[in-house]
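Just so you know, the sequences run in chain order A and B.
This note's numbering applies: residue 15 is where the first sequence begins, and numbers increase by one.
This note's numbering applies: residue 753 is where the second sequence begins, and numbers increase by one.
You may find that some hints are simply not true.
To be verified - Ranges between beta-carbon positions, derived for each pair:
1) B:Leu771 / A:Leu61: 21 to 27 angstroms
2) B:Glu817 / A:Gly84: 49 to 55 angstroms
3) A:Gly219 / B:Ser802: 49 to 55 angstroms
4) A:Glu34 / B:Ile828: 43 to 49 angstroms
5) B:Ile824 / A:Gly219: 36 to 42 angstroms
6) A:Gly47 / B:Ser802: 25 to 31 angstroms
7) A:Gly84 / B:Leu788: 27 to 33 angstroms
8) B:Tyr780 / A:Glu34: 45 to 51 angstroms
9) A:Thr62 / B:Ile838: 45 to 51 angstroms
10) B:Ser802 / A:Thr62: 16 to 22 angstroms
11) B:Arg758 / A:Val87: 38 to 44 angstroms
12) A:Glu148 / B:Glu817: 51 to 57 angstroms
Stated by the list, open to error - Calculated pairs, SDA-like style, for lysine to any residue (alpha carbon to alpha carbon, straight line, at most 20 angstroms):
13) B:Lys786 / A:Gln79
14) A:Lys142 / A:Lys117
15) B:Lys786 / A:Val250
16) B:Lys786 / A:Ser77
17) B:Lys786 / B:Lys819
18) A:Lys142 / A:Ile153
19) A:Lys117 / B:His755
20) A:Lys124 / A:Asn227
21) B:Lys786 / A:Arg74
22) A:Lys49 / B:Thr816
23) B:Lys786 / A:Phe249
24) B:Lys786 / B:Arg843
25) B:Lys819 / A:Val38
26) A:Lys124 / A:Arg215
27) A:Lys220 / A:Arg32
28) B:Lys786 / A:Ile81
29) A:Lys124 / B:Tyr761
30) A:Lys220 / A:Gly48
31) A:Lys142 / A:Asn91
32) B:Lys819 / B:Leu798
33) A:Lys124 / A:His228
34) B:Lys786 / A:Tyr70
35) B:Lys819 / A:Ala64
36) B:Lys819 / A:Trp53
37) B:Lys819 / A:Asp39
38) A:Lys49 / A:Tyr208
39) B:Lys819 / A:Phe55
40) B:Lys819 / A:Leu57
To be clear, the hints were calculated from the coordinates, so they are not data collected in a lab.
Built from N, CA and C at the ideal position, the CB exists for glycine as well.
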Amino acid sequence: MSAEAAAAHDHHHHHAPRQEDYPVDPHYGQATGGKMGMWVFLLSDALTFAGFLLAYAIARGGSPQWIPDGLPVLGINFTACLTFLLICSSVTMVLAFQAASEKNRQETLKYLGLTILGGALFLCGQYKEYFGLELLGGIVANINADWGAWVAEGLTDEGLFFGTLGGNEYTAYGSTFYMITAFHGMHVFTGVTYLTVIFIRTYMGKYDDGNTNHIEICGLFWHFVDLIWILVFTFVYLIPE
Amino acid sequence: MAHDHRKLYWQIFVMLFVLTVLEVGIVYIPGIGKGLLISALVLLALVKASLVGLFYMHLSSETTELKLTVAIPMMIPMFYALVLIIEASWRMLRNVV
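Based on the provided sequences and hints, a complete structural model is requested.
Structure (structure tokens):
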């Protein structure tokens, strides 16, 4: 087999080009097409979030009383736990990438699994924050009535709604809160789905050759979701009235 | 190819954790000035976001061109935010004087 034929044969059996297969671009080095595509998408997505956060700042800055009387103040402690959860799932994501670059399928699966778990728990936490977990609250109430009541109750139970949902009066406070956090939550859901696909592909041995391109691109999306949450946590939760 | 970056990844994790504890902690400082609190919170958030971007999203090891491709568009909303802050400060001062 000639060298060219061997190269063509080799190329045919590679499902995805490796980062090191790419010619060195004078501007972007060996960043793959997929990586560049993800970065461009993330930039557009970041500007969408920036639009939401700036609109939020204008609405909040221009209102004489941001939180109407009788509506709940957003809890910081529980949300700090959710923030910690996303930070944990970010470190497990890079550890999965590290393991994949060492062609260690078992370790990659372990860390991808933990990353998915972190994202799924975040979504559960967000569901609790919005709607409360009545069933779990009922069980916890057997241990401690106050804790049970806290678990069972969400912001909607306390009268915070999006728009005029629930027949309530419209508040910019409620609507911007759900708009921004739910848009982020949809990203977490997308990330968990994306990670699950990558988990299955890793399980199938698609990345056993040490080609980390797909895992790194998925990681870019996942870390971006964490990065946005850092800003949402500060602007929506931490900055007091 | 397969350099071991585990130590760096864990160091960033510890920094993100400590900065988060700091963020939540300063909110509870009694009598802290609102301007100081907001400035500190925004600064901490920007540091955390930069750590994630530079080390978890590997921007630190990308080319200067890719770094700028990401950084320059992000400066546009930050510039807009700055304009809003200046405008709000001007309104406040005008009402005082």
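Evaluated hints:
1. B:Leu771 / A:Leu61: 21 to 27 angstroms: Holds: the Cβ-Cβ distance is about 25 angstroms, inside 21 to 27 angstroms.
2. B:Glu817 / A:Gly84: 49 to 55 angstroms: holds, 53 angstroms
3. A:Gly219 / B:Ser802: 49 to 55 angstroms: Hint violated: Cβ distance 36 angstroms, outside 49 to 55 angstroms.
4. A:Glu34 / B:Ile828: 43 to 49 angstroms: Given a distance of about 34 angstroms, which is not inside 43 to 49 angstroms, the answer is violated.
5. B:Ile824 / A:Gly219: 36 to 42 angstroms: Since the Cβ atoms of Ile824 of chain B and Gly219 of chain A sit about 40 angstroms apart, the hinted range of 36 to 42 angstroms holds.
6. A:Gly47 / B:Ser802: 25 to 31 angstroms: holds, 26 angstroms
7. A:Gly84 / B:Leu788: 27 to 33 angstroms: holds, 30 angstroms
8. B:Tyr780 / A:Glu34: 45 to 51 angstroms: Holds: the Cβ-Cβ distance is about 50 angstroms, inside 45 to 51 angstroms.
9. A:Thr62 / B:Ile838: 45 to 51 angstroms: With a Cβ separation near 24 angstroms, Thr62 of chain A and Ile838 of chain B fall outside 45 to 51 angstroms, so the hint is violated.
10. B:Ser802 / A:Thr62: 16 to 22 angstroms: With a Cβ separation near 20 angstroms, Ser802 of chain B and Thr62 of chain A satisfy 16 to 22 angstroms, so the hint holds.
11. B:Arg758 / A:Val87: 38 to 44 angstroms: holds, 40 angstroms
12. A:Glu148 / B:Glu817: 51 to 57 angstroms: Given about 53 angstroms between the Cβ atoms, the range holds.
13. B:Lys786 / A:Gln79: holds, 16 angstroms
14. A:Lys142 / A:Lys117: violated, 38 angstroms
15. B:Lys786 / A:Val250: The hint holds at about 15 angstroms.
16. B:Lys786 / A:Ser77: holds, 17 angstroms
17. B:Lys786 / B:Lys819: violated, 34 angstroms
18. A:Lys142 / A:Ile153: Status holds; Cα separation ~15 angstroms.
19. A:Lys117 / B:His755: holds, 12 angstroms
20. A:Lys124 / A:Asn227: holds, 18 angstroms
21. B:Lys786 / A:Arg74: holds, 15 angstroms
22. A:Lys49 / B:Thr816: Roughly 15 angstroms separates the two Cα atoms, so the pair holds.
23. B:Lys786 / A:Phe249: Answer holds: Lys786 of chain B to Phe249 of chain A is near 14 angstroms, not above 20 angstroms.
24. B:Lys786 / B:Arg843: Within the cut-off at roughly 17 angstroms; holds.
25. B:Lys819 / A:Val38: With Cα atoms ~16 angstroms apart, Lys819 of chain B and Val38 of chain A stay inside 20 angstroms; holds.
26. A:Lys124 / A:Arg215: Holds, because 14 angstroms separates the two Cα atoms, which is no more than 20 angstroms.
27. A:Lys220 / A:Arg32: Roughly 12 angstroms between the alpha carbons, so the hint for Lys220 of chain A and Arg32 of chain A holds.
28. B:Lys786 / A:Ile81: Status holds; Cα separation ~17 angstroms.
29. A:Lys124 / B:Tyr761: holds, 17 angstroms
30. A:Lys220 / A:Gly48: The given pair, whose Cα atoms are some 17 angstroms apart, holds under the 20 angstroms limit.
31. A:Lys142 / A:Asn91: holds, 14 angstroms
32. B:Lys819 / B:Leu798: holds, 16 angstroms
33. A:Lys124 / A:His228: It holds: about 17 angstroms lies between the C-alpha atoms, which stays within 20 angstroms.
34. B:Lys786 / A:Tyr70: holds, 18 angstroms
35. B:Lys819 / A:Ala64: Judged against 20 angstroms, a Cα distance of about 19 angstroms means the pair holds.
36. B:Lys819 / A:Trp53: holds, 10 angstroms
37. B:Lys819 / A:Asp39: holds, 15 angstroms
38. A:Lys49 / A:Tyr208: The given pair, whose Cα atoms are some 15 angstroms apart, holds under the 20 angstroms limit.
39. B:Lys819 / A:Phe55: holds, 15 angstroms
40. B:Lys819 / A:Leu57: Cα-Cα ~12 angstroms, so holds.
This entry does not satisfy hints 3, 4, 9, 14, 17, going by the numbered hints stated previously.
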